[in-house]
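Chains as they are written, first to last, in numbering that gives the first Met the number 0: chain A, 0 to 400; chain B, 0 to 138.
If you're looking for bench data, these hints aren't it; they were derived computationally from the structure.
Please note: incorrect hints may appear among the correct ones.
Derived lysine to any residue pairs resembling SDA-like cross-links, with alpha carbons at most 20 Å apart [unchecked claim]:
| # | chain 1 | residue 1 | chain 2 | residue 2 |
| --- | --- | --- | --- | --- |
| 1 | A | LYS149 | B | LEU97 |
| 2 | A | LYS128 | B | LEU97 |
| 3 | A | LYS203 | B | ALA119 |
| 4 | A | LYS113 | B | PRO73 |
| 5 | A | LYS128 | B | THR121 |
| 6 | A | LYS128 | B | VAL10 |
| 7 | A | LYS149 | B | ASP38 |
| 8 | A | LYS203 | B | ILE106 |
| 9 | A | LYS149 | B | THR121 |
| 10 | A | LYS113 | A | LYS203 |
| 11 | A | LYS203 | B | HIS69 |
| 12 | A | LYS149 | B | ALA104 |
| 13 | A | LYS128 | B | PRO73 |
| 14 | A | LYS113 | A | PRO206 |
| 15 | A | LYS113 | A | ASP24 |
| 16 | A | LYS203 | B | ALA72 |
| 17 | A | LYS113 | B | THR121 |
| 18 | A | LYS128 | B | GLU124 |
| 19 | A | LYS149 | B | PRO78 |
| 20 | A | LYS128 | B | THR7 |
| 21 | A | LYS128 | B | GLU127 |
| 22 | A | LYS203 | A | PHE171 |
If you want the ones that stay clear, here's a sample from chain A, every Cβ over 10 Å from chain B, calculated [claimed, not checked]:
| # | residue |
| --- | --- |
| 23 | GLY119 |
| 24 | GLU143 |
| 25 | ALA209 |
Where is the CB? At the ideal position from N, CA and C, for every residue including glycine.
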Amino acid sequence: MSDSVWILGASMTRFARHADRDLLDLASEAALGALEDGGVSVQDLDVLACGSLFAANAGVGQQLLGQIGQTGISVYNVANACATGATAVRVGVMAIRSGEASMALAVGAEKMGKMGLLGGSRGPAEPPKVFEPEGRFGSVRSVEGILGTKTMPGVFAQAGMRYAHDHPDVGFEQFAKVAHKNHQHSTLNPLAQYRKEFSLDEIKASPMVAYPNTLLMCCPTGDGAAAAVLVSGERLRTLSADQRRRAVKLSASVLTSDPYVEGGQAQPDVNTLTRNAACAAYEQAGVAPEDLDLVELHDCFASAELLHYDNLGLCAPGGAGDFIDSGAPYRHGALPVNVSGGLISKGHPIGATGVANIYEVAAHLRGEAGERQIPDARVGLAHVIGLGSSCCVHILERSAA
Amino acid sequence: MATEQTLTARVPLVAYLALEPEPHLMAQQCRACGARFFDRRNGCGSCGRPSFEPVPVAGTGHLRAFSIVHRAAPGVAVPFVSAIVETVDGATVRANLLDVPPEPAAIRLGMAVRLVTYPAGTDSEGTECVAFGFAPAEN
Numbered sequence: 000m001s002d003s004v005w006i007l008g009a010s011m012t013r014f015a016r017h018a019d020r021d022l023l024d025l026a027s028e029a030a031l032g033a034l035e036d037g038g039v040s041v042q043d044l045d046v047l048a049c050g051s052l053f054a055a056n057a058g059v060g061q062q063l064l065g066q067i068g069q070t071g072i073s074v075y076n077v078a079n080a081c082a083t084g085a086t087a088v089r090v091g092v093m094a095i096r097s098g099e100a101s102m103a104l105a106v107g108a109e110k111m112g113k114m115g116l117l118g119g120s121r122g123p124a125e126p127p128k129v130f131e132p133e134g135r136f137g138s139v140r141s142v143e144g145i146l147g148t149k150t151m152p153g154v155f156a157q158a159g160m161r162y163a164h165d166h167p168d169v170g171f172e173q174f175a176k177v178a179h180k181n182h183q184h185s186t187l188n189p190l191a192q193y194r195k196e197f198s199l200d201e202i203k204a205s206p207m208v209a210y211p212n213t214l215l216m217c218c219p220t221g222d223g224a225a226a227a228v229l230v231s232g233e234r235l236r237t238l239s240a241d242q243r244r245r246a247v248k249l250s251a252s253v254l255t256s257d258p259y260v261e262g263g264q265a266q267p268d269v270n271t272l273t274r275n276a277a278c279a280a281y282e283q284a285g286v287a288p289e290d291l292d293l294v295e296l297h298d299c300f301a302s303a304e305l306l307h308y309d310n311l312g313l314c315a316p317g318g319a320g321d322f323i324d325s326g327a328p329y330r331h332g333a334l335p336v337n338v339s340g341g342l343i344s345k346g347h348p349i350g351a352t353g354v355a356n357i358y359e360v361a362a363h364l365r366g367e368a369g370e371r372q373i374p375d376a377r378v379g380l381a382h383v384i385g386l387g388s389s390c391c392v393h394i395l396e397r398s399a400a
Numbered sequence: 000m001a002t003e004q005t006l007t008a009r010v011p012l013v014a015y016l017a018l019e020p021e022p023h024l025m026a027q028q029c030r031a032c033g034a035r036f037f038d039r040r041n042g043c044g045s046c047g048r049p050s051f052e053p054v055p056v057a058g059t060g061h062l063r064a065f066s067i068v069h070r071a072a073p074g075v076a077v078p079f080v081s082a083i084v085e086t087v088d089g090a091t092v093r094a095n096l097l098d099v100p101p102e103p104a105a106i107r108l109g110m111a112v113r114l115v116t117y118p119a120g121t122d123s124e125g126t127e128c129v130a131f132g133f134a135p136a137e138n
């Protein structure tokens, strides 16, 4: 069993609508970039974990090796909703921790284009010819728009409004501020899908998708890939001084699913599994939220980011409204959150997201984040949640060497 | 008076909506731990045991969360208010909030609501689908 797991190299493509590039172009760019960044080659790898949600049955991992080197290693293709990329990282971590591998490549790649609204079924324009109960709920026709919504913007809107129900200082204004911050942050990130700052008024006045989430408070769909090379502590010690200096310690890696809570059938509970993952990760790493210098969390919608301030322990219990109102999560604030621009502005090619946020945190811990560098960052956290549900939390620490 | 025009066959939108004697929701309750579910079950998501009994769910409660949905898939009429309601007996139900304008100022978190039903289409055999939602309740 390995004593520790490190990120040796990391890379990501720009998140964008890459009309002229396919999934393998994107995955190859990220994979080769991470290998080069780590100073190793595909020949050095023991295992590949490859995440791609919408191409989950295509064997993307093997196709990728077909482009960058078919060495015959184990390939794990993974799909885990919006936690797909982070789950690929997690598979690499488990392979190394088990002692079966000493170097792993984790890749997340997605090609979505203008996919539009996710979640929620189509409503039949006409009722079916004959009403017949179907499925586990015995419904005789589509219930979307009759029994509420299952669209992603609506589900996360409701999650945010449930928090607002219990915390009257939270409302439309606080959710809008989250999007204001993330759009402002992405102006410094050359890899972001959008790099345009918007005023709070522009965000609030943009077309309503699912109140309280306006269009500028929702992540876009898009294309992109990210990759990370993971290495065991033992093998890292055999590498060069420069590789050791730039290596980032992965001091916690946790994946949770949603435990039973009352009401989870009507409204997914995105809080409990996030809290469970965060608690386990802090314990595993031996760090506290106060030790964090930056956080990349899953802001699929502005209403979601606010909840996770509380779920990840970044603010006092119940204090998410105060936290955003105080400016703490802005890049010059007490605890910068989503300095990459987050999903809202950097983009959310689903499979790539959970590797890209690890790339982002690692870039800051190495002091290589350019214009958007958080000064002297030593400890960071990366979080994703995929409905269904899966939550993955990684904690990263700068090398002491 | 005794001969009403109720010859139309009616089916509930979902199997957990019971129409008689008065419209109400029915849950499958785990005999071991009491967890309630609205779908067909293989076992209990809370404790894993396999035995259930049908129980009625209260038709009154309060608005726990909502979203006013303006963008939806083709065929879904917008805007509508999607509501998460906590019933007085502690169940959580998702349905549209009815009889309120789809505007934030008209909707108050915590407001009292009650179950209502309405016709939601007729099939080629003349069978009427009965849907449910929640409407503001007095007090």
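Checked hints:
Between LYS149 (chain A) and LEU97 (chain B) the alpha-carbon distance is near 18 Å, which keeps this suggested pair within the 20 Å criterion. Distance restraint check for LYS128 (chain A) and LEU97 (chain B): the Cα-Cα separation of roughly 26 Å exceeds the 20 Å cut-off, and the hinted pair is therefore not satisfied. Between the alpha carbons of LYS203 (chain A) and ALA119 (chain B) the distance comes to roughly 34 Å, so the proposed pair goes past 20 Å and is violated. Taken as a hint, the LYS113 (chain A) and PRO73 (chain B) pair is honoured in the structure, with Cα atoms around 16 Å apart against an allowance of 20 Å.
Note on LYS128 (chain A) and THR121 (chain B): the hinted pairing holds, with a Cα-Cα distance of about 9 Å set against a maximum of 20 Å. Restraint check for LYS128 (chain A) and VAL10 (chain B): satisfied, since their Cα atoms lie roughly 14 Å apart, inside the 20 Å limit. Between LYS149 (chain A) and ASP38 (chain B), the direct Cα distance comes to roughly 16 Å. Compliance with the 20 Å bound is thereby established for this hinted pair. Only pairs whose Cα atoms come within 20 Å are accepted, and LYS203 (chain A) paired with ILE106 (chain B) is accepted, the gap being roughly 18 Å.
Taking the CA atoms of LYS149 (chain A) and THR121 (chain B), the gap is about 24 Å. The hint is violated against a cut of 20 Å. For the proposed pair LYS113 (chain A) and LYS203 (chain A), the alpha carbon gap of about 23 Å is over 20 Å, so the pair is violated. For the proposed pair LYS203 (chain A) and HIS69 (chain B), the alpha carbon gap of about 15 Å is at most 20 Å, so the pair holds. Proximity of LYS149 (chain A) to ALA104 (chain B) is assessed by CA-CA distance (about 23 Å); at most 20 Å being required, the pair is judged violated.
Distance check on the hinted pair: LYS128 (chain A) and PRO73 (chain B) sit about 19 Å apart at the alpha-carbon level, within 20 Å; holds. Taking the CA atoms of LYS113 (chain A) and PRO206 (chain A), the gap is about 17 Å. The hint holds against a cut of 20 Å. For a cut-off of 20 Å, the pair hint linking LYS113 (chain A) to ASP24 (chain A) stands: about 18 Å separates their Cα positions. A hinted pair counts as satisfied when its Cα atoms are at most 20 Å apart, and LYS203 (chain A) with ALA72 (chain B) does not qualify at roughly 23 Å.
Between the alpha carbons of LYS113 (chain A) and THR121 (chain B) the distance comes to roughly 35 Å, so the proposed pair goes past 20 Å and is violated. For the proposed pair LYS128 (chain A) and GLU124 (chain B), the alpha carbon gap of about 8 Å is at most 20 Å, so the pair holds. With a C-alpha separation of about 14 Å, the suggested pairing of LYS149 (chain A) with PRO78 (chain B) holds against the 20 Å cut-off. Annotation: proposed proximity of LYS128 (chain A) to THR7 (chain B) holds, straight-line Cα distance about 16 Å (limit 20 Å).
Taking the CA atoms of LYS128 (chain A) and GLU127 (chain B), the gap is near 12 Å; set against the 20 Å cutoff, the hint holds. The straight-line distance between the Cα atoms of LYS203 (chain A) and PHE171 (chain A) is roughly 8 Å, inside the 20 Å bound, and the hint therefore holds. Consistency note on GLY119 (chain A): stated as away from chain B, yet its beta-carbon is not over 10 Å from all of that chain's, at 6 Å minimum. Non-interface call for GLU143 (chain A) relative to chain B: violated, since the shortest CB-CB distance, roughly 5 Å, does not exceed 10 Å.
The beta carbon of ALA209 (chain A) sits about 5 Å from the closest Cβ of chain B, which is not more than 10 Å, so the claim that it is off the interface is violated.
In terms of the numbered hints stated before, the structure departs from hints 2, 3, 9, 10, 12, 16, 17, 23, 24 and 25, listed from lowest to highest.
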